[in-house]
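Chemist: Chain residues, written in single-letter form:
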Amino acid sequence: MSTPLPQSRVRVQRIAEAAVERARLRVVPRLSPNAPRVPFVTLVSVLLLAGVVGLLMFNTHMQQNSFAATELEQQANELTSRQQTLQMELEELRNPQRVAEQAQALGMVPSAHPAFLRITDGKVLGVPTPATPADRDDVRPPAAKKPADLVPPKNVIRVPADSKAKTKAERRAETKKQNRSGRNETSTNDQGDRSPR
Amino acid sequence: MSLRNQPRRVPATRGSALFRLRFGFIIIAMVLSVFGVRLVQLQGLDPNSYAARAAKEGTDTVELPAERGAIVDRNGVELASSVDGLMIVADPQMTKDDAGAIATYLADKLGVDYFATLDRLGRDETRFQYIARRVPSTVANRVIDALEEKGFKGLTTRRDPMRDYPADDVAANLIGFVGEDAPLAGFERTFDKQLAGIDGKTTYEVGGGNRIPLGANNTVKPVNGQDLQLTIERDVQWYVQRVLREGVRAAQGDSGTAIVMNRETGEILANADYPSFDANEPLRSPKEDLGTRGTSDPYEPGSVEKVLTFSSLIDAGKITPRTRLRVPGVIDSQGQPIHDYWDHGDIRLTAAGALAKSSNVGTVLATRQFKSTELGDYLKAFGLGQRTNIGVRGESGGKLPDPSTWSQLSQDNIAFGQGLSVNAVQMAAAINTIANGGVRVDPSIIKGEAVTDSGQKVGSSTTTTHRVVSESAARQTAEMMELVTDPVDGIAPGAAIEGYRVAGKTGTAQRVGSECGCYDGTFTVSFAGFAPADNPKFTVYVVIQNPKNGMGGGTAGGPVFRKIMTYLLRKYGVPPTGAPATTLPVEW
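Residue numbers (my numbering), protein chains in the order written: chain A, 1 to 197; chain B, 198 to 785.
These are computed hints drawn from the structure, not numbers from a lab. Every value quoted in this text rests on a predicted model; they were computed, and no experiment measured them. Check before you lean on any hint, since a few could be wrong.
To be verified - As a list, the in silico BS3-like pairs of lysine-lysine whose alpha-carbon atoms are at most 30 Å apart:
1) B/Lys-484 - B/Lys-596
2) A/Lys-146 - B/Lys-745
3) B/Lys-515 - B/Lys-568
4) B/Lys-484 - B/Lys-654
5) B/Lys-596 - B/Lys-644
6) B/Lys-577 - B/Lys-515
7) B/Lys-350 - B/Lys-293
8) B/Lys-347 - B/Lys-293
9) B/Lys-347 - B/Lys-306
10) B/Lys-398 - B/Lys-253
11) B/Lys-577 - B/Lys-654
12) B/Lys-484 - A/Lys-145
13) B/Lys-350 - B/Lys-306
14) B/Lys-390 - B/Lys-568
15) B/Lys-515 - A/Lys-146
16) A/Lys-154 - B/Lys-745
17) A/Lys-123 - B/Lys-768
18) B/Lys-390 - B/Lys-484
19) B/Lys-745 - A/Lys-145
20) B/Lys-734 - A/Lys-123
21) B/Lys-644 - B/Lys-577
To be verified - Computed footprint of chain B on chain A, listed as stretches where at least three residues anywhere in the stretch have a Cβ under 8 Å from a Cβ of chain B:
22) 86-100
23) 107-113
24) 121-129
For each residue, glycine too, the CB sits at the ideal point set by N, CA and C.
Whenever a hint applies, use it, and build me the whole structure from the sequences.
Modeler: Written out as structure tokens, the structure reads:
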């Protein structure tokens, strides 16, 4: 559309001559071949450098954040487990068994007679009775049973009934006499090894 | 453009342009076809394995464990909770040289066995040995850090979730415990689906131990397990367990069960079994102590059942508490003599007296007014012979013989609690029916609602109620039961609480031995009751199996009942009603 009309020798139209004259192509003066290139090159270089450095910094920053995130996550985990461990210790302290044992150690016993004081008229409901040591409940677990393996078998030595039964004192006297007189090695052994092992 | 106009002369040695063009094309085609073949090989033949290998290189998958839900009591106090734990593992190839020093330190800090640890740390031909399991993570990390500081390497930690039971043996029989990998008993197992949750996982690219930002990341979030709330109250449960233990030991019994029930709601506040076990150390106790005996081992209830018989009789209009009975010393039942526990000639007891003195003969006499299946139908309505389905594992429904098959002998026996078997929760719920004005409330031990592993909905919000006997029959029965704890007329004055009206009933039943299948001369003694009798808040039921010092239900179970009831009345602030005690006559 904007193509200039081919130059023609025949001037048919003269109507818009001024406009045509204005639209006529003219040779543009050549750009100076030695326009300064330095600003442009500098601009591009700066842009390039800024881009690369910016990207690098962005990346480094992301990495840094990633490190920080990992560290914080670890810290959060540690704190969570610490909280849980403390909670566990707290529950341990709140264990009714522990509380009861401590109360007993302070000499406390549960009241065996529920009684109430009604505040509105000051009336005592129930039969108030002081608690006594007899109301103490046995809250400690019973001692563990000794395993059968640990109970030594009874070593029973049956002594045949002696017709001439001697008293303990007589026997001792006899042993003494033997020891003193004969130094008989077997005699002491005979009597000494009675105790069950 | 200007070049085209001045073609350069090409040296003849390079051949014609056409030739060079074709030659170049052929080379390019060959190279491209090699690429093509490789492409087909990679993408067409087995793309997944290559993709997997690529993914494995440089990506890390971390399991995001779902936290196991806690088991809490009715007030939200934790009875079982999950704690982050770690296992400590060793690479013996790295620890071999310093085994002695490391083992000493570990034995000192973690309490592990020194010799076993020493052995593990010095083993050959392995690079993986467990040193300690289920160590709280703070402790484990502290120990490992300290060892590393000392220059010992080769110990690492891995995730190893711990299950902690802060109150040790409190409600252990109900809650159960978790094994190395799976829940093994109790609620832990029954409600595992709800408690466990669903593990998630996250996959991400790593470089040097850190996540690569903007790298591929794929996360499936874990769904944490849900808490399970019980109707149990921890402190009550603890106290009941201790008092029961004391009672069973005093009676030199084999085992015992005690149940505390909220009269109005049927919620079980405590369900104690003895012997029990420490849920943190379940393997230290014998296997038979790990379950809930009270619900899994049915027994014959004995005279406690007379309460049900008498309330049925009153409801049916057959007797009143003042009905006069002439009770002989022995009564014949199809050739079998039935005695009372004490010798007597003809005595004159009221119906109330027969219950208060626990006369079998009197009960049989009164019950003979029932025709055919009447008593059986009442007992069924009280819930005997059917499982309570409260969610406790391995519940036995007990055995109530089909009423249509009863002989005179079986009705006579069942009337005073022999010849049928029950579990403790069933019986507690049946007695609670009397306390609750004749309306039976289903017992429950799970607060709200939960689904068992067999797909059954249980819990306090699924319970139903139905009337078994009329309100006046229940009230009259409760008055009769008051006489049991009467210091003069009753047989269990040890269960009375000064200032309160206490209704109760003793039971001393012959036990069926497991070997002979007959009554083997051992007994089950029990005591059931509620207070205050005229406006009950709690029903307490105590059972002691095989007491060896000749104690009956009143002497063995009564004091345990009194202690538990006293504790409950005090703890929940239930004052005496102040109404005068019953004046029902025992004799005439």
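Chemist: Give a verdict on every hint.
Modeler: Hint-by-hint comparison with the structure:
For the proposed pair B/Lys-484 and B/Lys-596, the alpha carbon gap of about 25 Å is at most 30 Å, so the pair holds. As the CA atoms of A/Lys-146 and B/Lys-745 are separated by approximately 21 Å, the hinted pair is consistent with the 30 Å bound. Under the criterion of a C-alpha separation no larger than 30 Å, the hint pairing B/Lys-515 with B/Lys-568 is consistent with the structure, at around 11 Å. Between B/Lys-484 and B/Lys-654, the direct Cα distance comes to roughly 28 Å. Compliance with the 30 Å bound is thereby established for this hinted pair.
Taking the CA atoms of B/Lys-596 and B/Lys-644, the gap is about 28 Å. The hint holds against a cut of 30 Å. Between the alpha carbons of B/Lys-577 and B/Lys-515 the distance comes to roughly 19 Å, so the proposed pair stays at or under 30 Å and holds. The straight-line distance between the Cα atoms of B/Lys-350 and B/Lys-293 is roughly 10 Å, inside the 30 Å bound, and the hint therefore holds. Using a Cα cut-off of 30 Å, the hinted pair B/Lys-347 and B/Lys-293 holds, with the two alpha carbons roughly 15 Å apart.
The hinted pair formed by B/Lys-347 and B/Lys-306 meets the criterion: a straight-line CA distance of about 15 Å does not exceed 30 Å. Our distance criterion of 30 Å between C-alpha atoms is met by B/Lys-398 and B/Lys-253, whose separation comes to about 15 Å. Restraint check for B/Lys-577 and B/Lys-654: satisfied, since their Cα atoms lie roughly 22 Å apart, inside the 30 Å limit. Under the criterion of a C-alpha separation no larger than 30 Å, the hint pairing B/Lys-484 with A/Lys-145 is consistent with the structure, at around 16 Å.
A distance of roughly 17 Å separates the Cα atoms of B/Lys-350 and B/Lys-306; the hinted pair therefore holds under the 30 Å criterion. Between B/Lys-390 and B/Lys-568, the direct Cα distance comes to roughly 49 Å. Violation of the 30 Å bound is thereby established for this hinted pair. Straight-line distance between C-alpha atoms of B/Lys-515 and A/Lys-146 comes to about 57 Å, which puts the hinted pair past the 30 Å bound. Straight-line distance between C-alpha atoms of A/Lys-154 and B/Lys-745 comes to about 26 Å, which keeps the hinted pair within the 30 Å bound.
For the hint pairing A/Lys-123 with B/Lys-768, the CA-to-CA distance comes to about 19 Å; that is within 30 Å, so the pair holds. Distance hint between B/Lys-390 and B/Lys-484 is fulfilled; the C-alpha atoms sit about 24 Å from each other, no more than 30 Å. About 18 Å separates the Cα atoms of B/Lys-745 and A/Lys-145, which keeps this hinted pair within 30 Å; it holds. As the CA atoms of B/Lys-734 and A/Lys-123 are separated by approximately 22 Å, the hinted pair is consistent with the 30 Å bound.
Only pairs whose Cα atoms come within 30 Å are accepted, and B/Lys-644 paired with B/Lys-577 is accepted, the gap being roughly 26 Å. Residue count for the segment 86-100 of chain A with a Cβ under 8 Å from a Cβ of chain B: 9. That meets the three needed, and the coverage hint holds. Residues of the segment 107-113 of chain A with a Cβ under 8 Å from some Cβ of chain B number 4, which satisfies the need for three, so the listed coverage holds. With 4 residues having a beta carbon nearer than 8 Å to a beta carbon of chain B, the segment 121-129 of chain A meets the requirement of three or more and the stated coverage holds.
Of the numbered hints listed earlier, those contradicted by the structure are 14 and 15.
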